[in-house]
Every structure is written in C-alpha cells, then in structure tokens.
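Protein chains in written order, with my numbering: chain A, 18 to 419; chain B, 115 to 391.
These are calculated hints, taken from the structure and not from any lab test. Please note that a few of the clues may not be correct.
Said to hold, decoys possible - To give a feel for the contact side, a few chain A residues facing chain B, derived at Cβ under 10 angstroms:
1. G38
2. F40
3. V41
4. A48
5. S186
6. E197
7. N205
8. D207
9. E315
10. I320
Said to hold, decoys possible - Sample of chain A residues facing chain B (criterion: CB under 8 angstroms; computed from the structure):
11. R39
12. S42
13. E43
14. G187
15. M199
16. T204
17. L304
18. E313
19. G317
20. Q318
Ideal Cβ positions, reconstructed from N, Cα and C, are used throughout, including at glycine.
What follows is the residue order along each chain.
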Amino acid sequence: MSKIDWAAFPDARGHFGPYGGRFVSETLMGALDELQQVYEQYINDPDFMAELDHDLKQFVGRPNPLYHAERLSRELGGAQIYLKREDLNHTGAHKVNNTIGQALLAKKLGKTRIIAETGAGQHGVATATVAARLGLECVVYMGEEDTRRQSQNVYRMRLLGAEVVVVKSGTRTLKDALNEAMRDWVTNVDDTFYIIGTVAGPHPYPAMVRDFQAVIGREAREQHLEMTGKLPDALVACVGGGSNAIGLFHPFLGDESVEMIGVEAGGDGVETGRHSAPLCAGQPGVLHGNRTYLMEDENGQIIGTHSVSAGLDYPGVGPEHAWLKDIGRVNYVSVTDDQALAGFHRMTRTEGIIPALETSHAIAHVLDLAPQMRPDQSIIINLSGRGDKDLNTVAEREGITL
Amino acid sequence: MSRIEQRFAELREQNRAALIPYVTAGDPEPGATVPLMHALVAAGADLIELGVPFSDPMADGPVIQKACERALRFGTSLRDVLAMVAEFRKTDTTTPVVLMGYLNPVERMGYEAFAATAKTAGLDGLLTVDLPPEESEEVVDLLEASGIDPIFLVAPTTSDARIDHVARAARGFVYYVSLKGVTGSQTLDTSALAERLEGLRRHTGLPLGVGFGIRDAQTAAQVAQVADAVVVGSAIVRLAEEHDGDADGFARAAATVVREMRDAMDVARSPGAAATV
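For reference, chain A alone in the conformation it holds in the complex (with noise of 0.2 angstroms):
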C-alpha cells in the first residue's frame, strides 16, 4: 500500500480502480468535459485558490477549530478525542467548503443558473447561500419525505432566495432529488451549473468535490501536529456520499500509521434491510454517474433505504470509498439509529455540542473505539455539523412535540 500514488487517481477518465468513471447520457457529456477542463485548470490557477482561501476566511470562518474533546475523552477512558469543528463553518456543516469552490467555478463559466440536490438542507443550504452572495439564480431538489423532517432547511433555502421543488417522484428522498437534478441539468445545460454536494456523480465531481473539502483534512493534520507534536492514530467520519470524510481522509492517505473508518447509517440494522449502509451490505453497481457500492435487489433496482438521518439516507457512496474499502485502506463500519442518538446526546451532555444526526454516527463509534485505545493515542472525529436542524426529528422519536 506504501506505493501508491494517492495523487494518481482518480485517472484522466475518472477512475478509482474500477469504480468512478462517467456514466451519464450524452447529452451531458460536453458538459462535463468542459467543467472537468476549467476546473482542472483553475484548481492549478494560484489567482483562484488565493480567492477560495480568501473565502474560505472571510466568509466560511476558516480555518475552525481543532477541539480537544477533553471530557468526553476522560469519561471514555481511552483515546484522546479530537473535534474538528466543520459545525462552526458559516452555515453550520463542512458543506459550504464545496458549494464556496463549485460556485466560483461556475462564475468562471460564466453559468447564470445553479441546481443543487439536497438530502438533509444542510447542502442546499450551503448552495442557496453562495448564490444568495453571489446572485446567482438558484434552484434546489429536495425528497418530499426529506421536506417533512428537514421543514427549518426548506424556509431558510426559501429565505436565501431559492426554489425548493418538492420532488415526489419514487422514494421521494435524496436518491430520487439527485435524479429531478439530473433531469434539469440535461435540460438546461446551456445556462446551468449543477453544484453536486458530495463525493459522488459523474467524472469530475468526485474528484472535484473531494479537492474542495481536503482543506479538512489539511487543516487538521497540521493542527493535529501543532497541539501533540505527532499524527492522530485513527480518523473517524460519516459516510453518506462521503463527501466530509474523504475531506478529512484523503490528506493523511500516505500517512501509513493513521487508521481510518468511515461509519455508515445501520438504520434499523444492516441485518433488517432497512439500513443506509452500501459499503458494508451493498454490492458494486452504476448510479448516478458512477461506478460504485450500492444498495440494489437481485435484479439491479435500486431498493428504499433507510436512517434516521436525512443526510446519510442514499443508497450509493461517493467511488473513492468503493476503492478505499476494496484496496482496505479504510475501514468501513455501520451503527444504527438507536447509537448515532446515544451519541448525539453524549456528545451534547459532555461537550456541549450538538452534533448533527449525520455526525452522530461517527461518535457513537467513537464511543466504542476509544475505550479500546490508550490514553496516549488519539482519534479525530469529523464533526461534520451541527444539529440544530434535527431538533425536530429527536423530539419526535423521544414523544416530544415541539
């Protein structure tokens, strides 16, 4: 594994081993190309990155802290638990660090109009802002079902200026808002910038995507060095599409001695079915533009999924993860509903921070891990976001109405 060459992929087509790629209709392939084109050359381009870390400064709040979780850590009795705090991010998640890189690409274009897919808001959230500064106009598809549990999201994305369209087409969540995105890029790819929020889609978005949030890791892995003098032993992040851990993953993927896990949503149990968890249960397949893990019957239907979290509810993964977990670079595991809430109150008691549900996945196998670690080692956990928007969805399964 020392000889890989993690700058290598994907490669030119977009591959990750044989995951990745570029599987849309042709319609959208020009598209593509030229954004691959413009990004490839901007990302290399110092004026541009000078005004994304200009952004990323004045307007996301960057660089966020690396917490010592110090409380949380003695209880555990283990490992030294370190916070990275995407949650303190304008906007409230690691999201904005992508849609702040992909708008700037889009004004480069000279793209008038941006689409965004959004599963909990907190993507298209983070979208609706950037076009709000911007002006850009803005329209973002979201699930039926996740309008319901994700109302505050709809009205601040409303507030923002956007349009929400209510997508009540399949399973009515993030799967299927994906797919109404897609359907309005290939109409209106003339005019119309397509900011997909995580790792996943067609050829360059995983790339692309993935690049926009590294600055996570980056900042971490120096901040980590800084406060200790040494590298984390392990990572731990959600895994939805993926897009906050492969930001926190991919800059230590040469550092041999850093373990990573990417936690899935077990839903109810990866055992009952109703579970978002393709990396643990699911099999290789094509959706959505690429190659990868995916949760599919005998017959290659995409099946309903199922978490507490809106954000993690998807039945595919960003490619780079496939890979990842073929090569065993990471390590991907699953907790259920029932942990990530014991972990999101934990977390809230101890710390006095309320993480996102998504995030509360990651923790709750935190809770588990760092007991099994000395005190002289230490894991970072992305804390991908805050909870404010789940206040509804914990009331509610605890009989609380609000």
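Mind docking chain B on chain A? Use the hints.
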C-alpha cells in the same frame, strides 16, 4: 445481414423512413407487452424499442417514469423482458427489437449472461442511455460477439470530435436525441434538426434515427423527411396511463397512433410531397 440492417435496407429501397415505437416492458402489466408489440407491428411499426423498467430513470420525463413504476409494481426484471422478446420472436422473425434502458440491471445480470440470453431470445440491439462509448468497451465486445448491436446516442451538445468516437462504437443505427432534455419534452425545431443530421451524415454511414419530442403524426412526418427513423416514446406510453390498467384499450389506442404516424410519414416521403421542413 442483421435484422436491423435488413430492415433499413428494405426501407431505403422503398424510400420510407422507419417508424420505431417505444413501449416500457411490463406496462401496464407483464402479460400485455407481447400482444402490444404484435399490435404495433400490425399498425406499421418497423422496429420495436422495448424499455427495460428501472427504479431511477434519470433521462426520462414523468410519462416514462410512471410507466417504469407501473412495470416495477409487477417486478418486471431484465430477464422477464428478455423472455418477452423470446416470446415475440416465436411468431415474428423479421421485426428487429432493441432494448432501451439503464446500465445497472445489465451489470447486475452480468454482461456475459446478458449477451448469451439476449442472443437466444432473438434480441437485435441494446441502447443504455447512461453508457457513453468511453465506458462501453467490455460490453460492446460481448454484444458484438453475440450479434447484438450496441446503439449509441448523439445529442445536440455532442462535439464533432465526440461524434467520431460515438460513430466508431455504434452499430445498427445512430440515435439522435433531438433536443436537450428528458424524454417527452415539448418542442422540436425541425429545421435545426435537418441541418444537424446533414452534419452527422459526414461522420457515419449508419442510418440516423431521431427521438425525444416527437408528439404527433405531423412531427413524425416532418422528421421522416430528414431522418432514416422516427422514434416515438412518450406519445405512446402516455396512452397507457390514460387507459389506466386497461391493456387492450391501450394497445388499440397505441396502434391507432402508430398507424396515423405511419400514414403521415409515408405521405411525407411520397414523390411530389411538398417539403414542409
């Protein structure tokens, strides 16, 4: 000579354009599909495009999305669709049948198993909308070895360089997507279409089919004047929804639409017909 080549050769000789109706297999119920295919042929279809239902039909508009949902209520699988093709072939050995769908069901079945089963069933072509030539090498080789034509799309946004690439991989005919959008979209600019097809003919000698946005006999006739084949999908599939589970009523209505299109197309191609494009 393949059935597809044979059919286009006959039509060329008669100076007619091919009429290719699309129906989603298993819609409104699996038993309806084979009789429907025969009815379409009797009404003047030259080639049948059979849709393979998929849970996430990203390139399709609402009409075909709903057709997929209806078919999937019966669990219509790719293997079931191939069985329908085999059943159709028992009594029709000349009308080419092309499957249109998405890659994942084919991947799940396995390329080799698909090619072998499809060959036995008497399938003639496969069009997977989410499989551009760049990703298709493996499946194309297996299809060709089984005598099944891989059909590829060309879009209004396809560059000249890509057209060559698509043309090299394509067999049977080239499917020109007449507009930017999903299936069943509204408008079709026939004069821009004529120009575009002329350009395409410089890159490929294959017959050119045109689909997306052909809604009625008049549009079909206009397209027939410049294209080698006219593909009609949503305009037929929407009749299934209108007949709400009545398979016979749907088949009769679909046959009527196909016959009207057939007649209008033949008139438009007949000597002395005024050019309307």
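Each hint tested on the structure:
1. G38: With a minimum Cβ separation of about 5 angstroms from chain B (threshold 10 angstroms), the hint on G38 (chain A) holds.
2. F40: 5 angstroms, holds
3. V41: 6 angstroms, holds
4. A48: It holds, given that the least Cβ distance between A48 (chain A) and chain B is near 7 angstroms, below 10 angstroms.
5. S186: 6 angstroms, holds
6. E197: With Cβ-Cβ at 9 angstroms, under 10 angstroms, it holds.
7. N205: With a minimum Cβ separation of about 8 angstroms from chain B (threshold 10 angstroms), the hint on N205 (chain A) holds.
8. D207: 7 angstroms, holds
9. E315: 7 angstroms, holds
10. I320: 8 angstroms, holds
11. R39: For R39 (chain A), the interface hint holds, since the closest Cβ of chain B sits about 7 angstroms away, which is under 8 angstroms.
12. S42: Nearest chain B Cβ about 5 angstroms off; hint holds.
13. E43: 4 angstroms, holds
14. G187: 7 angstroms, holds
15. M199: With Cβ-Cβ at 5 angstroms, under 8 angstroms, it holds.
16. T204: 4 angstroms, holds
17. L304: The hint holds - L304 (chain A) has a Cβ within 8 angstroms of chain B, the shortest such distance being about 6 angstroms.
18. E313: 7 angstroms, holds
19. G317: Cβ of G317 (chain A) sits 3 angstroms from chain B, so the hint holds.
20. Q318: For Q318 (chain A), the interface hint holds, since the closest Cβ of chain B sits about 4 angstroms away, which is under 8 angstroms.
No hint from the list above goes unmet by this structure.
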